[in-house]
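Combine both chains into one complex, guided by the hints.
First to last, the protein sequences are chains A and B. If you're matching positions, the first sequence starts at -6 in my numbering and goes up one per residue. If you're matching positions, the second sequence starts at -5 in my numbering and goes up one per residue.
Read the hints as simulated data drawn from the structure, not as lab findings. Note that CB positions come from ideal geometry on N, CA and C, so glycine has one too. Among these hints, one or two may not hold up.
Claimed, not checked - Just so you have them, the derived chain B footprint on chain A, three or more residues with Cβ under 8 Å:
hint, region
1, 159 to 169
2, 189 to 202
3, 207 to 220
4, 331 to 343
Said to hold, decoys possible - Below, computed lysine-lysine pairings styled on DSS-like, alpha-carbon distance capped at 30 Å:
hint, chain 1, residue 1, chain 2, residue 2
5, B, Lys52, A, Lys180
6, B, Lys52, A, Lys164
7, B, Lys350, A, Lys337
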Amino acid sequence: MRISFSLALLCALFVSACTDAPSAPMPTYFAEETPSNLSEWGQVTIEDRALALGADVAPYDLNTALFTDYAHKLRTIWMPEGVAATYKEETVFDFPVGAVITKTFYYPQAASGLADEVALTEISGELFDGAHLPLKRVKLIETRVLVNRAEGWEALSYRWNKEQTDATLLKTGDILPLTLVSADGAKEPFNYIVPNVNQCASCHATDSNTREIWPIGPKARHLNRDFDYPHGANNQLAHLQTVGYLTGVPGVDTAPKNAAWDDASAGIEALARSYLDINCSHCHSPVGPADTSGLFLEPHTIGPNLGLCKLPIAAGAGTGNRFWGIKPGDPEGSILWYRLNNTKPDVMMPEIGRSTIHDEGVALIAAWISQMDGECE
Amino acid sequence: MVKRKLLISTLGLALVACGGQDQNAGQVSETGRPFETVLLEKLIEAEPGDVIEIPEGKFSFNQSLSLMVDGVTIRGAGHDKSILSFKDQVAGAEGILVTASDFTIEDLAIEDTTGDALKVNGGENIVIRGLRVEWTNGPATENGAYGLYPVQTKNVLMEDNIAIGASDAGIYVGQSQNIVIRNNRVEYNVAGIEVENSIGADVYGNVATNNTGGILVFNMPNLPQPGYGTRVFDNDVFANNTQNFAHEGSAVAGIPTGTGILINSNDQIEIFNNRIADNDTANVIISSLYTAGYVDKAVQDTFDAYPEAIWIYQNEFQGGGAKPDGEAFEAIRVGLFGPEGRLPDVFFDGYVDESKFVDGEWAADQRICVSDEGVDLLNIDAPNGFAAPRVESELYRCTLNALPEISLAFLN
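Here chain B stands alone, though its shape is the one from the complex (with noise of 0.2 Å):
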């Protein structure tokens, strides 16, 4: 029954492939009915191996649609063209939830979902491509909160997407292993893109600006998966000054608005070959739980809250820091800078565990280092209530070991 259903959907594919011209191809002229339930039935009824085709037109949905099949391709005709609208929806917590392995979507839109745009939990070899998710309204508070977001899965690959609106994140990785999010534009997110509690994840190509924070890598408590392994390189993130408009409690809702690259709690990066630029807080922040504001006693005994492992060298930095967000860290660049001084490149809390420390120093590998002269790094001495911040780059000139490069091989 499944091989029979296997042959006549191959053969069908075939058959486009040759002739070319059938552009509705995926869609089945069932008597009329809307394409909104024909598409319902087909996640529904898919078998693996199916390629459910979303015709150009825009599509309204007032509920959630799900995939749990193995092995399925969504294809739209382009961005631009095939919309599947979630501004009605009164029922479910995204717009289109998958929890299947080896599955592609690619060239559509989804707009207007009430939470979550496309939500995959779960799976291995997820490519999600040539996808538009936006929030039409532009950033707002009311937006939902992540654009993509793969969870827990193992082989994502995340390229070409653009995400406008998220009020968390627009192009989001969590709880994950072995990620290439490339080429991707991400604009007027809170968080352009996130990498959050993920092992080994190569960020680049991407565009990311007008954004409340660009790229960001973090590492949350209480969660059995702490990240590591992040490259982030040949990115454009520039411009992302937009007002944070996370809900409260969020994660994100710490992200200063200004921030380029904001590494929190984690460990192994490496931040290379960007052009980072005018991000008014800081181009580049590496911080620590704490500063976000929390406390022990809301975190597990074993979670390590301290950024370590982490390189930063050879980027182009230009402008940044003018204007940082909070009274705090405004009183730092005046004093330290003068009023019409900015804040250095990479910008630092100062969070130290020194109980992992060698005969008084840093371990070699555990190091934050800026290689580069002439790029800057302060320490805000968050840990003393910003009691003596200060610019002390020499003492992070050093460099670490290149991290290895993702490679998915299941694209092979």
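With the rest of the complex left out, here is chain A (with noise of 0.2 Å):
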């Protein structure tokens, strides 16, 4: 049923996608194993010299996304024939079991052409065309796969090869030097850092009490956005439901929404609270790992749970000599400010998946508190 609706689709629209679709590998479910090679997943797959999606595999990003050393991200869903999510308002929606999403992380080509030389570049998602990312243009680092079982989800990593055919999982996690080459020629050496199965747990138990591993983008605030499918744009929780992956939707004129990270008009408030909500939340959350700190960086806490003229608790050299997590009027003066303005181990927040600093995300974050009014003594 949902095969014939998208090949139908995709004939209709995209002659030329006619030819490639009937070779798209087919998406598998491992109730139990884990295959060492990403290509078995069947989910994403090199085809003519790029990166392709299984059959009915369906692409999505979030409104504002996780920063992770500039690296851009292919984002992924798919289901096995006959389930589909439910919606939820606020919470991760609810996957049933068989359920697998992907996340390949990707860098732009330099202009170098050395192997461990990438651009930095906005990530906009611009060389993905709804269905193939080029090898041409691209160097495909890791994917990392989260899929459903019986007994809940389960955070695997996959490294590419160097002749980027196929990737393979890796338990340990590695560190590769790589070098972001900016438009203007300079150069920044960074290590990547793919992470190893209890650092994919560090972000994705979600709840310190029951450390079950949850996904933490499929979210309706994350996902109710806009994307480009070869077929036309529409919006993603509606696509979704066309598809037959999520069911419950309300009209998406009502589903929460977060601020678009590239949307100016939402304004600095609700862009910095998208922004810490993605970044921040799936730790600093009132049932999170984070809960230590008291401080909640969710889309809704108020007050000193969001920093506001709040003592640190154990933040130790993350305090740099700040006395408060957000000091009203004073970026450089607030903790939350120089924990995302740093990349020293013990300081840097979050304490890991990154090992450069997001300078236009530092830059709005001090944009939110300079406007900020308040004294904190």
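Spelled out as structure tokens, the structure:
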């Protein structure tokens, strides 16, 4: 049912796509064993010197994304025939067993063509045409897989080989020395860190009491936006419902919606809260692993728990000799700014997942704190 | 599958126990791979019941290690023999991060982590025994914050450990319940031992010396759990006079250099049978978050910043208070006790919650009691800007009901 629908649509709109579609790999759900090669999952695969999606694999974006050393990310959702996720207003959608979510981390190639140099660009996803990511323009780093098995979600990481033909399972993680090259030629060497299985959990075990692994991105407020599908732009929630992956979606106008990172009209407050939500709130929530800090960065937190004139609890060097989480009007006097604008392992936030500073993110948080009124003392 | 693996590891243990000669029982001799990689895999693939042995030797790690499986023991060959060094660490906020219950770690050293040495976040039935956590360069602001750091845990035993050089607390327990901290040695940390926002702790048999503050019992605001119920007894707390080297803004940055035992904004505390000597500011300080320089604005409405129900008795005091940290305290010393004098053994900042008074007096069970004749209490009158500092020991000659002993049933 699902296959025939999408094939028909593809044929109707893109005649050329028809010739590719029959050869698209068939995604597979592995209930117990974990394949050593990413290609066995059939979610994404190399075809004609491009990373292509498996049959019925739906790509998606987030309104604002987690920063990972300027890596670009191709996200996908797939489910076996006959099952669907249930819409949730605030939390991660209720996914069925068999659901597979992937996230492929890649960089645009640097002009030098050197293997360890990658381009630092705005993360817009423009290299992905809705179906393909051309290898002549990108360097694939790793693909992370979240699979919902009967006993719960499991997080895996596959590292792409030098030849960019497949990726292999890497349980113990790795450190890849890379260099980011800006448009003006400036170079910034950094360590790209492929997480080990436990590091996956340090973000994805979002409830420190159950310590179960959960996806983070697939929430209504992150997905409620348009995506340029091969057959045209559509709201992602509406699309996922149309293709049968999601049920119970209210009108997309009534579903919650975080500010999109590139939507200047949203205003600094909304942009900053959207940024803190996706970058921080999986740990900094009342049930997250960082609940020990009393700092909660979900969209609706207010007062000291948001950091306003809040004393640090166990920040150590993370205080940077500052007294308050957020000191209104004074970003550089705020611990929040200091920890985002830092790469020392015992100071920086998030604690893992980046080795570089997200200048644009830091600037956004600085602008947000600058416009706040009030005094802490 | 799980069952079979458990059986195998049990067999392995039994063999080792019987033979008793295979020192490297835990170290699989896999194809000559470095132990660092082997350990990382063992931690990731651990199953309940596993004992992960750390052989003799010094092993270097450039990232944090972590364990997320319940029921695992990590065991070294001794705190001077099995050394995990994080001097080359480039990623991770701690040396070892544990999010698991029924966890035991013993007989090894964790050195030179960039952040905390061992953090146990959540979980029940935690044993940390015979460890040495140390920043080998000595006390320095750039050292990691905490040595041993269980937080939001329940049923915790920390014994026979050594903690040296932490830029916050050598041994810290936060937001936890039912805790025993005994027979440890803590030196050259900002705080030797710190119990924060925790309910039910026994701290005894420890040696705390050369820290900025020896043993601390704290409550901090904006946290889900206020702490109460800590007994500090049979400890040696002497010469904690190392200049405060904490990061500004951290809770311990306000500890006066030369503090023996410090109670801050916490309730239901007993301090008895300790030997407390030669701490230059004061052997015992009782204070409120208000004195630490913080104001109401930063604090949730429900936070009780007043230290209450504190009983100090039968301690052996010697020296101390002769060189208090800060001009205000020094002026009080010279003004009240003369150039050669010293501050009394118990030093109280004077913040009192009069809204809780009954008929203009402390409720009997809320008092601060210094019951032994000859042990003086100095009220420094901080609420009035030190306007009228005074020795008023006789107002504090009272006793409280003894607190219950902490028992850790899971050890039996």
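To see whether the hints hold, each was checked on the structure:
no.	hint	verdict
1	159 to 169	holds (count 4)
2	189 to 202	holds (count 9)
3	207 to 220	violated (count 0)
4	331 to 343	holds (count 3)
5	Lys52/B to Lys180/A	violated (36 Å)
6	Lys52/B to Lys164/A	holds (24 Å)
7	Lys350/B to Lys337/A	violated (46 Å)
In this structure, the hints that do not hold are numbers 3, 5 and 7, in rising order.
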